[in-house]
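Peer 1: Just so you know, the sequences run in chain order A and B.
Under my numbering, the first residue of the first sequence is numbered 1, with each subsequent residue one higher.
Under my numbering, the first residue of the second sequence is numbered 1001, with each subsequent residue one higher.
These aren't lab readings, by the way, just hints derived from the structure by calculation.
As the structure is a prediction and not an experimental result, all values here were calculated from the model.
Hints should not be assumed to be uniformly reliable.
What the hints assert, rightly or not - In silico DMTMM-like cross-links for lysine to aspartate or glutamate, where the CA-CA straight-line distance does not exceed 25 Å:
| hint | chain 1 | residue 1 | chain 2 | residue 2 |
| --- | --- | --- | --- | --- |
| 1 | B | Lys1107 | A | Asp85 |
| 2 | B | Lys1108 | B | Glu1046 |
| 3 | B | Lys1108 | B | Asp1067 |
| 4 | B | Lys1107 | A | Asp348 |
| 5 | B | Lys1107 | A | Asp626 |
| 6 | A | Lys251 | B | Glu1046 |
| 7 | B | Lys1108 | A | Asp396 |
| 8 | B | Lys1124 | A | Asp579 |
| 9 | B | Lys1107 | B | Asp1067 |
| 10 | B | Lys1107 | A | Asp396 |
| 11 | B | Lys1108 | A | Asp572 |
| 12 | B | Lys1108 | A | Asp579 |
Chain by chain, the residues run as shown.
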Amino acid sequence: MLGALAILPLRAASAQGTADLYGSVRDSSSQPLRATLRVVNGDGVSVADAQGHYRLSVPAGLVIVRVGSLGFQSLDDTVTLAAGDSLERDYQLVPAVVLLQPVIVTAAKHSQRLSQVVTSVALVSDTDLARRAVTTVDEAVDKAPGVQFLNGQVNIRGSSGYVQGLGSRVLMLVDGVPANQGDRGGINWDLVPLEDVARVEVVKGAGSALYGSAALGGVVNVITREIPTGFHARVRALGGAYADPPHDIWKFRDYTGAQEGLDVTASYGTDVVRGSYTAGGWHSDGYREQDRRNHWQTAGKAQWLPSPATRVTTSGSWASDQYETPLIWCTQGSCNDRGQAFQPFMIDASGRGAFTRSDKGYLAATVERRVSERFAWQARGSWGRTHFTDFQPTGDDWGVANRYGVEFRGEVTPPGDRVVTVGAEGSFSDVRTNIFTGDTNPTSNVVRTHDQRELAAYAEGERQVGTVRLAAGARIDHIDVDGGGLATVLSPRFGVVLPTARVGVWRASAGRGFRAPSLAERFVSTFVQGIPVVPNPNLRPETAWSVELGNAATLSSAVRTDAALFWTEAYDLIEPTVDSGRIQFRNVTRARLAGVDLAVTATAPVAGLTTTLSYTFLHARELAHDSVPERPLAFRPRHLLTLSADYQHGAIGVGGDFRYTSRLDRVDIYEPDPRVAEKVLDLRASAVWGAWMLRAQLANALNYIYSQVPRTLAPVRTLAATITWTY
Amino acid sequence: MPNRRSYAALLALVGVVACNEGLQPTPLCAPNAAAICGRVTFQGTEPDSTEGVLIVAYPTFPQSRNDLLTFQPFPPPPSLPRPFAGSQFYSLPLRNGRYEWVVAVWKKVGAFAPGFGNADSLLKEAGFYRDQTNPTAPGVVVVHDSSSDSVNFVIDFGNMHPICTYFPPCP
């Protein structure tokens, strides 16, 4: 009662007007701090500028102001002001040792500490990205625990398998904006220049409760760099070379293949407006026959910060690739086979001359506003476009697709450590094409247009109950294709996080995921290797229930572990089916994917040495259906092991990754072909001199010759070096 | 805290796991390749309308027209290389199993209609591997993690049989 009485005058005063608090925030050596100032017992928040100056509007009466900055002890100041008063207060913060917890934004569509997340998340930090002299995001994410790329198609715990890039069961986001292709449902990993990427968050398991279709197996959020104040520039040059075939009988050219590239980034920012622009390109001779590629890209980002609580961001990128298409490698009789059963560096003569032009880009605009300490909202609109043409000896295939999206999201933070996220999302995809036509005659060259609409609403709440954190939410999606209703899908999710004193943080979650068939899967009409691929307009969405139990523990000051048991029951999986001499996508498979994820990170016994071991065991089975007995799911390796080590001594760093992927139990095409386990060792080194940074990477250092998918040679030993100048 | 012994064990693990050398050059009909191999001998004159000649195998002898699509390997291999004269060596990668009909298929120039409705006019049996004791019957070949060689037979352009020979009526 006394507490309520004590508050009464404050509320009464606040109703009477506001006052101004202004001044500066500095550290103990008088350096300005961009500190946050927040009214604890009412509304009002401000951020100090680059000079440490701030101005905070506060309710009249007694107010408690909390001043905080990362790496410093927070300070509470109590002042009494009359309406219309203006008071100067200068603050000095003292440093504090702060154990930084990674903060992620993808798992719950709002910022949260990694230890509060109910599902498994793999983080690829800017440090991880910087260590590798690579050119695209997928090359950098490839070694993340539990993540595997099969010839460019991402798999999280075996989610997608391999369908030539179609119908990804992983949703890609760029700064939270869905970026999967509107027609094929696949992912363009070169959409965002790697130089612009700050970090990548990989959320494992069904994410449809917040993200809807495509997030059946997980979500990959590519988060671009914040634009700093002042003028900055960065120039990065890339050079490299591919190893020759390790056996003379496989030689296919008389020169060493090379790659080279150049990226330039410039940015300028003030406290109110900021902008950055990146442009660049690279060329590669490729490591096999008919494998040359040119890539051009440009990207920009602009921000307007009219107040500390409001941010308007627009961003976009455009990339163009022209690349020769190696299709499949040569087997006996399909090239000059030199008496070999197969020639992995040469191509089947039937694909000679094939090349692709692929243009893609996106534009996005986001408005974020924190209305009060208790409520924030975000609105965004986006447009993604892809245009590809496959030039082939047997006839060209092409498609032009658009994907328009809008989303409105609110985040309510009631007292009591609760967070409620609610939102609505809509998207419209269309494609004009001569390959995804739905025509039952694959030899025809008819041009048709198809479209797909998705409308969704979602809500998820989190609440701290004692030491336990609970989360529950659901999303409902309605999808229609060409104006006809396809499906309405409800995707709930439940989760709990339980920190313990002795055995780390436990997490458990159960969620439903789904994926609507892509326009390509429904309407494809073409030939692959001479086999007709026929459409199936009756495809239904595939669904799955995912359950996970995980634990993150710190075993000692030098060793951290993260382990998870996962289990997914999938229904109506859409898979290519070979039947009666033709290929068709069908809802045929009832599947089970279960396994264990384990990651151990150690920072010892040598100072500066960090080592990580990650292992995934996957039991992926296609359950018996029709006349098909139970069998392994195609393109899912049973074992995935990654060992990483990095040593940093001053400005010099060295490191490496070793990836072992067990031999695929089953492939669904060219099954008699020889296939082996994947054993790839990457080595790297870096050095920094002032504004210059040199990085080198020897990928596949052992020049291990293997294929991830049949008759497609995986990258051979590749030496790449980048030199970066930063202003 | 992990000690140096742990790291040595990890390095040893990497060494053991990495010692396999990956894909290696594989001569046609190598002993460790699951395949059938042999020599085909051409007879007669190659028709002008020939698009190619390819060899496939059937686990069981086709009992109906629909069974004609159960051939292995799938997708079918490329055509044998020209010239279609004299004799040449062939190798056909197959999964392990028993094959009751190893057959050479002659393909006429032209595209298949939807549902293979024009297959009769585009495909012909041009020869098959024969039972050594009863040459009128197809020979059985078993593949089990190694090549079955000497699966030799004749491709006779002068004695080819359309599909309807096996599954009447003929158009």
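Peer 1: Evaluate each hint against the coordinates.
Peer 2: To see whether the hints hold, each was checked on the structure:
At most 25 Å may separate the alpha-carbon atoms for a hinted pair to count; Lys1107 (chain B) and Asp85 (chain A) exceed this at roughly 94 Å. Of the pairs offered as hints, the one joining Lys1108 (chain B) and Glu1046 (chain B) holds, with about 11 Å between alpha carbons and a cut-off of 25 Å not exceeded. A threshold of 25 Å between alpha carbons decides the hint, and for Lys1108 (chain B) with Asp1067 (chain B) the separation of about 21 Å falls inside it, so the pair holds. Proposed proximity of Lys1107 (chain B) and Asp348 (chain A) is supported: the alpha carbons are some 19 Å apart, at most 25 Å.
For a cut-off of 25 Å, the pair hint linking Lys1107 (chain B) to Asp626 (chain A) is broken: about 34 Å separates their Cα positions. With a CA separation close to 34 Å, the supplied pair Lys251 (chain A) and Glu1046 (chain B) exceeds the 25 Å bound. The hinted pair formed by Lys1108 (chain B) and Asp396 (chain A) meets the criterion: a straight-line CA distance of about 24 Å does not exceed 25 Å. The straight-line distance between the Cα atoms of Lys1124 (chain B) and Asp579 (chain A) is roughly 22 Å, inside the 25 Å bound, and the hint therefore holds.
Taking the CA atoms of Lys1107 (chain B) and Asp1067 (chain B), the gap is about 18 Å. The hint holds against a cut of 25 Å. This hinted pair checks out: Lys1107 (chain B) and Asp396 (chain A) have alpha carbons roughly 24 Å apart, not beyond 25 Å. A threshold of 25 Å between alpha carbons decides the hint, and for Lys1108 (chain B) with Asp572 (chain A) the separation of about 40 Å lies outside it, so the pair is violated. Pair hint Lys1108 (chain B) plus Asp579 (chain A) holds up; C-alpha atoms about 23 Å apart against a cutoff of 25 Å.
When held up to the earlier numbered hints, the structure conflicts with 1, 5, 6 and 11 and fits the remainder.
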